[in-house]
Amino acid sequence: MQFTRRGFLQALTATAGAAVLLKGRPSKVGQAAEDVERWATPEEIFVPSICQQCPGGCGLLVRTLDGEVAGISGNPLHPINRGTLCPKAFGGLQLLNDPDRLKGPMARAGERGSFRPIGWDEALKIVTARLSDLRTKELSHTVAVLGGQYRGYRDTLWTRFSEAYGTPNYIRVRCLAPEKPALAHHFMQGVTAPVGYDLAKAQLILSFGVSLLEAWLGPVHNAQAFARLRRSSERPRGWFIQVDPRRSPTAIKADRWIPIVPGTDGILALGIANAIIREGLYDREFVEEHTFGFEDWVDGSGKRHLGFKELVLRDYGLLAVSAATGVAVRSILEIARSLASIKPAVVIGERGPAYGADDLHTRMAIHSLNALVGNIGVPGGLLIQGELPLAPLPVAKKDEIAKRGLAQPRIDGAGEEQYLLTADTPQLLPERILKKNPYPVNALFLFATNPLANHPAKEAFAEAMKQIPFIVSFSPFLDESTAMADLILPDHTYLERWQDDQVTHLAGFTCFSLAQPAASPLHQTRNTADTMLGVAKALGGSVAESLPWEKYEELLREGVKGLFQAGRGYVTTLHAEESLRKVLERQGYWVPEFKDYDGFWKALLQRGAWWDPTGIPVSRKALLKTASGKFEFYSTALKEVVDKAVKREGKTGPFFSALGAGKEEDLLFLPAVPIAPAEETKSFPLRLNTYRLLSRPTGGGRNQPWLLEQPAVHVEASWEGWVEIHPATAAAAGIKEHDSVWVESAKGKIKLPAKLYSGTLPDIVHIPLFGGEGPNPNDLIGNETDIFRGFGLLNTTRVRIRRA
Amino acid sequence: MTTKLLFIALALVVAFSPGPEPAFAADETLSLLLPANPLEGSRLFTGKGCLRCHAIYGVGGVAGPDFGQGMLKRSLLDIAGVMWNHSPGMAHVIQEQRAARPEFKPAEMASLLSFLYYVGSLDPPGDATTGARLFREKGCQGCHSLAGKGGDVGPKLDKYSRYASPIYLTASLWNHAKAMAGIMEALEIPRPTFERNDIADLLAHIRTAGGSIERLYVQPGNPRRGEKLFSEKRCAQCHSVDDRGGRAAPNLRMSVKGSLLRIAGVMWNQAPKMWKGMAERGIKVPSLTTEEMSDLVSYLYFLQFVDAPGNAARGQVVYREKRCGACHALQGTGGALGADLAKVEKLQTALEVVAEMWNHASTMEQKMLEQSVEWPVFKGGEMADLIAYLLSLRKGSAQPAAAKGSAQK
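Residue numbers (this note's numbering), protein chains in the order written: chain Z, 292 to 1095; chain V, 20 to 428.
None of these hints come from the bench; they were simulated from the model. Bear in mind that the values here come from a model prediction, so they are computed numbers and not experimental data. The reader is advised that the hints may include incorrect statements.
Selected chain Z positions facing chain V (Cβ under 8 Å, derived; list incomplete) [what the hints assert, rightly or not]:
hint, residue
1, LEU368
2, ILE675
3, GLY677
4, ALA867
5, SER870
6, LEU875
7, GLU876
8, GLY879
9, VAL882
10, LYS886
11, TYR888
12, LYS912
13, ILE1041
14, LYS1042
Ideal Cβ positions, reconstructed from N, Cα and C, are used throughout, including at glycine.
Okay, chain Z solo, but in the shape it has when bound (with noise of 0.2 Å):
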């Protein structure tokens, strides 16, 4: 009997849906006759959670039966998704059910990779003896925290525990950071949160390789909004034009594709404001009130600088740019043409972690197009985000270990050298620990990550934490990188606990979401949280003090009573009630719906979240919050931090050098992007470009056998990765439909099926994201860092094809 690979997944489903019927435990079904009958007329209770597949943060309703999950539904309260979900969510129960979800505390038996079961007791008694024997040591700077993708208040706990514990190095291993505003849009515009985009009123989006119906930050709101910009009653359909190096489903949705060279979007987008500017077609009165830096300006030394215009005019012809980009004159033109001509437009950009080398420089570009068409602060363009007023908590306790500790450099480089400006720095960990610099580490904890799988420098990252001496791993399973603890002491599953999720949402309102315990946990498994809490306790002392509180539920509680005494916003209602709420805010009333706050919290509960949308128009001012009060085309607050490194390391400085070296200086804080020469191809010749599916969570979902069953239409490919090849690629390289294929790079190659797909340019060849076991395209991607994220340049590494 063959025994293949989909045949094992198509059994694997079918015995996690039977776990769910049978509690995983079939000798039950013989049980009694009482069984049966409880079974046929069981309890049900639906109760409110949020999905944590990606960062979108819908609201679930979880179906329970005699309080074992039965199913999950959007909540129709919610106001992110309104009870839409996308396939993702219905992937949760597969989680939940998967067979090899670790079922207790492991500690690691001789060799790495060997494990015993032991019990909670014996495991935090492990943990706390090492941290509290590290700390009285002073080197609690040598433990360092890698933290995932997820926020809110489980953020906030590793936070103040790395405060309070003594460590610089609470390090967070993520490529999108949905809760901080882009630099681009913190250099042009001086804001500290990220800005929000007014998608459903706009007439216009043009887009710079955004994923917007797959797995751009919420595909579920993405595509109600999109709906509502292709379909409003109230005024004429709005158009879509996307700018992708392949045809995706986002791109097939669009009114335009507009296929482009991968890392010369920038390029484009300096091409279309030369055509606004030339046509003298841009927002006069903006650009002239509310923008700095358009024209050439004097400083108070008398020195002349570079403004945007003449920098385009100049160096961004239509011609150099159409022969960089690949697109033609004309569509460049049009595009302009319709951006400018069509109110409200907004422009947005995002691929994937980073455009490239010049990422920066690129987002800056394609911001100046809001810019240059008026359309920040309006409605159907950029949007302020409002921020959740949460309790403040009391600060952190630190003792004089703990002072020390945190005086220490981060072991990541973050903040320092040309990584200036980057938060965290993950991609030079490994490195930096193999070399002990600037110290060994002598703990690691990980917690929602897999670095070992999921990043490109997962072989380094492989080699480093061979040197680690103590990896505790909080992964609710045997992955490749809790394959390498010491101990594991896992996570429940969200449906299993206590959470709270704090979404920036694309539209500008703010929302908190809350969640009880679905179901009992199906293992001895405990809540993170909980358990640094218990950690935190028995470390004692200013440790114990930072974290007072028993249960994570106690912590969610004192930090919501902000929300309930803020004076605004409300719980999550009817969609009608919520809109004459709105009425009266407008009006300048707020009328408070509960008396106390036990029947806000309760109310939480039942309803899922708390939200405070708003009709009242926030100037622009408040979104342009520069030195000059202005748009800055020029930044000046770059142009700080860029005149800080260099009086404080000189023009040869690490940071200075990275950032600009060889330009011409105005450049820097312009948004420039040098048309770079045709690259040489000879051994590579075409270019890797990789791509997130609707269908792909955070962290690969390779356990979640329905979201790998959900076809990707435009190939019709499911299961198992592929990687998309031009048919004329495919044809030179005697490469037909479903053979295998060698993807080779630098670094190493992989084996993948060939989709000949005549959606992209011939010159690249796309793999999708699957994460977790397979072929992998971290295999190919070189560790090349964006030093203004800290984070993998994905989209750049250059690779070659033949058939296997």
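Please build the complex by placing chain V on the supplied structure of chain Z, with the hints as guidance.
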């Protein structure tokens, strides 16, 4: 004897000396009907499904009229009359929508009716463009700066951009009005007046230009507290409400018109006259917090919510003309299809009457159809008269609309 004379003299002095002004006695009828929170009924409006058919400023259903246009700015019993008049039509739509017909307890009815009345107090949201024009035309920028532009005589107005409600602005305007008037006079600047939606438009402009992303709301004014303030702030020494209070200034029940902002605007516009009157009586110009301003103008707004006392004699005519007696008996005389209206225990107050009328309207319509009786329609004041008549048949005098503790909490 001398002592006795002295005592008499002292007594005479006390008797003829000008004593303290009489306190403004709260009108029991009015006080009981004033809502503590006029927007509390909004929850009933949505919860009972009214919003499914009716909209408030465009939000809600379209089967019925939009109440955001001030169409229910009538007295309590007149609003109840409108509900009654349209009951058969509403029943039809409710049936079509397969929804349950909402029923109301007397207190709920009061809450709903005061909300519907209060909706008429809501002005359209301010318009920033109009506000910018007013800011120039009214000469505000001559003294105040906003977003770095304007004069420096008065304080910068950027800080007001945190406020979501124009009530903040009205309170501040009132409190600084006298000082501003002095400066304007000295600078020979004409004192501006505020009409219609001017204050909301000005705040919209301040919010747009000021740059704050904060939004400070107010809770709706509490008319009951406003009634107390009317006395405490000594407004009642000049103004009257019907026959209570001073006679020097207009009777506010008769003269106060318009929305909350219009009332606040009139306060500003009339301020110089008021200062003069206050000076003559040695009254210090009272300052008002934002909450106090909100409460006070809400109280003034609600003065017209309370019906003039119904006339039982006219009510008897209404009872006959509307053919109530075809089905109902009064003290044993009349039809037998419905209850004896003089004996039903839960018809002790006007609110109980209107709540019961609404709750039984569907049944009554059916009976009337069977009896070929035309659906009675109440015009302005008729409902109050009818209820006065019905309550007069009970022992004792007619009770105020919200007596028996059925007033809103």
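Here is what the structure says about each hint:
Hint status for LEU368 (chain Z) relative to chain V: violated, with the closest Cβ pair at about 14 Å, above 8 Å. Using the Cβ-Cβ criterion of 8 Å, the hint placing ILE675 (chain Z) at the interface with chain V is satisfied: the shortest such distance is roughly 5 Å. Of the supplied interface hints, the one on GLY677 (chain Z) holds, with its beta-carbon coming within about 7 Å of a beta-carbon of chain V, less than 8 Å. With its C-beta approaching chain V no nearer than about 5 Å, ALA867 (chain Z) sits inside the 8 Å limit, and its interface hint holds.
Interface restraint check: SER870 (chain Z) against chain V, minimum CB-CB distance 4 Å, threshold 8 Å, status holds. Interface hint status for LEU875 (chain Z): upheld, as the beta-carbon distance to the closest one in chain V is roughly 6 Å, under 8 Å. Look at GLU876 (chain Z): its Cβ gets to within about 7 Å of chain V, closer than 8 Å, so that hint holds up. A hinted interface residue such as GLY879 (chain Z) counts as satisfied when its beta carbon comes closer than 8 Å to some beta carbon of chain V; here the least separation is about 2 Å, so the hint holds.
Here the hint on VAL882 (chain Z) is kept, as its CB sits about 5 Å from the closest CB of chain V, short of 8 Å. Here the hint on LYS886 (chain Z) is broken, as its CB sits about 12 Å from the closest CB of chain V, past 8 Å. The restraint placing TYR888 (chain Z) at the interface with chain V is violated, with a minimum CB-CB distance near 17 Å, outside the 8 Å limit. Restraint check, LYS912 (chain Z) versus chain V: the minimum CB separation of about 3 Å is within 8 Å; hint holds.
At a threshold of 8 Å, the smallest CB-CB gap from ILE1041 (chain Z) to chain V is about 48 Å, leaving the interface hint violated. About 53 Å separates the beta-carbon of LYS1042 (chain Z) from the nearest beta-carbon of chain V, more than 8 Å, and the hint is not met.
Checked against the numbered hints given earlier, the structure breaks hints 1, 10, 11, 13 and 14 and satisfies all the rest.
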